[in-house]
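J.: For reference, the chains in residue letters:
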Amino acid sequence: GAVVSQHPSWVICKSGTSVKIECRSLDFQATTMFWYRQFPKQSLMLMATSNEGSKATYEQGVEKDKFLINHASLTLSTLTVTSAHPEDSSFYICSARPLPGIGETQYFGPGTRLLVL
Amino acid sequence: GENVEQHPSTLSVQEGDSAVIKCTYSDSASNYFPWYKQELGKRPQLIIDIRSNVGEKKDQRIAVTLNKTAKHFSLHITETQPEDSAVYFCAAPGGGTSYGKLTFGQGTILTVHP
Numbered sequence: 001g002a003v004v005s006q007h008p009s010w011v012i013c014k015s016g017t018s019v020k021i022e023c024r025s026l027d028f029q030a031t032t033m034f035w036y037r038q039f040p041k042q043s044l045m046l047m048a049t050s051n052e053g054s055k056a057t058y059e060q061g062v063e064k065d066k067f068l069i070n071h072a073s074l075t076l077s078t079l080t081v082t083s084a085h086p087e088d089s090s091f092y093i094c095s096a097r098p099l100p101g102i103g104e105t106q107y108f109g110p111g112t113r114l115l116v117l
Numbered sequence: 001g002e003n004v005e006q007h008p009s010t011l012s013v014q015e016g017d018s019a020v021i022k023c024t025y026s027d028s029a030s031n032y033f034p035w036y037k038q039e040l041g042k043r044p045q046l047i048i049d050i051r052s053n054v055g056e057k058k059d060q061r062i063a064v065t066l067n068k069t070a071k072h073f074s075l076h077i078t079e080t081q082p083e084d085s086a087v088y089f090c091a092a093p094g095g096g097t098s099y100g101k102l103t104f105g106q107g108t109i110l111t112v113h114p
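Line by line, the protein sequences give chains U and P. Note that the working numbering gives residue 66 to position 66 of the first sequence, counting from 1, and the numbers run on in steps of one. Note that the working numbering gives residue 104 to position 104 of the second sequence, counting from 1, and the numbers run on in steps of one.
There's no promise every hint is true.
[Unchecked claim] Here are the computed lysine-lysine pairs in the BS3-like style, where the Cα-Cα straight-line distance is at most 30 Å:
| hint | chain 1 | residue 1 | chain 2 | residue 2 |
| --- | --- | --- | --- | --- |
| 1 | P | 42 | U | 66 |
| 2 | P | 42 | U | 55 |
| 3 | P | 22 | U | 41 |
| 4 | U | 41 | P | 58 |
| 5 | U | 66 | U | 20 |
Derived by calculation from the structure, the hints in this document are not laboratory data.
Input sequences plus hints: build the corresponding full structure.
T.: Put into structure tokens, the structure is as follows:
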């Protein structure tokens with residue numbers, strides 16, 4: 001149980017294009033999903049908290065107009081990197097937290113490796 | 001916000017030895033402390049967690065201890081095996097948040113030599 005999928009697993013794009021990443025909880029409902037970015041040999045840095053049916057909460061220093069988050073259902077959140085540039089190249093990982101009352105544990109997706117040329 | 005410090009950054013042990021990784025946190029209201037294992041290029045996997053109402057939790061070769069007074073918690077791996085080699089992250093939530101967001105430590109690269 002508690003499986004989270006992420007799509008695509010990797011993407012290569014040209015500078016200036018937009019990239020959409022999907023995060024799905026497959027066997028549980030998640031009112032809250034989280035988006036992280038991880039650079040090589042570094043820790044997970046929280047970018048934003050995605051809330052079903054409401055606006056995402058962004059961490060300090062994360063541009064909300066550049067990293068668009070939509071959480072339209074209890075099992076799906078999307079992250080769109082708009083006008084991607086080479087410095088946006090990174091490993092993006094989502095996690096999902098089951099409905100309140102079930103636990104605080106976060107379950108992670110497999111990640112999306114983004115390379116912007 | 002929460003601040004989590006993790007040590008050591010790298011840890012090298014011989015197969016069969018024990019490994020200990022320590023974390024400190026800043027928010028005294030934090031009440032949930034998970035540990036994740038991440039293999040190269042893979043997702044972080046929860047390996048054990050502890051809540052603030054207990055001081056120790058064990059699952060086979062893995063144990064976590066918590067000292068709320070000192071605001072630190074530790075991961076203990078006994079009888080290490082080469083497949084334990086990975087990056088380990090501790091995490092703590094900010095107290096009082098309804099989002100359950102986690103702040104992660106810097107990570108420890110554990111290498112178990114056969």
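J.: State for each hint whether it applies.
T.: Now for the hints, and whether the structure bears them out:
Distance check on the hinted pair: residue 42/P and residue 66/U sit about 26 Å apart at the alpha-carbon level, within 30 Å; holds. Between residue 42/P and residue 55/U the alpha-carbon distance is near 29 Å, which keeps this suggested pair within the 30 Å criterion. For the hint pairing residue 22/P with residue 41/U, the CA-to-CA distance comes to about 19 Å; that is within 30 Å, so the pair holds. Our distance criterion of 30 Å between C-alpha atoms is met by residue 41/U and residue 58/P, whose separation comes to about 28 Å.
For the suggested pair residue 66/U and residue 20/U, the alpha carbons sit about 12 Å apart, so the restraint of at most 30 Å is met.
Going through the hint list in order, the structure satisfies each hint without exception.
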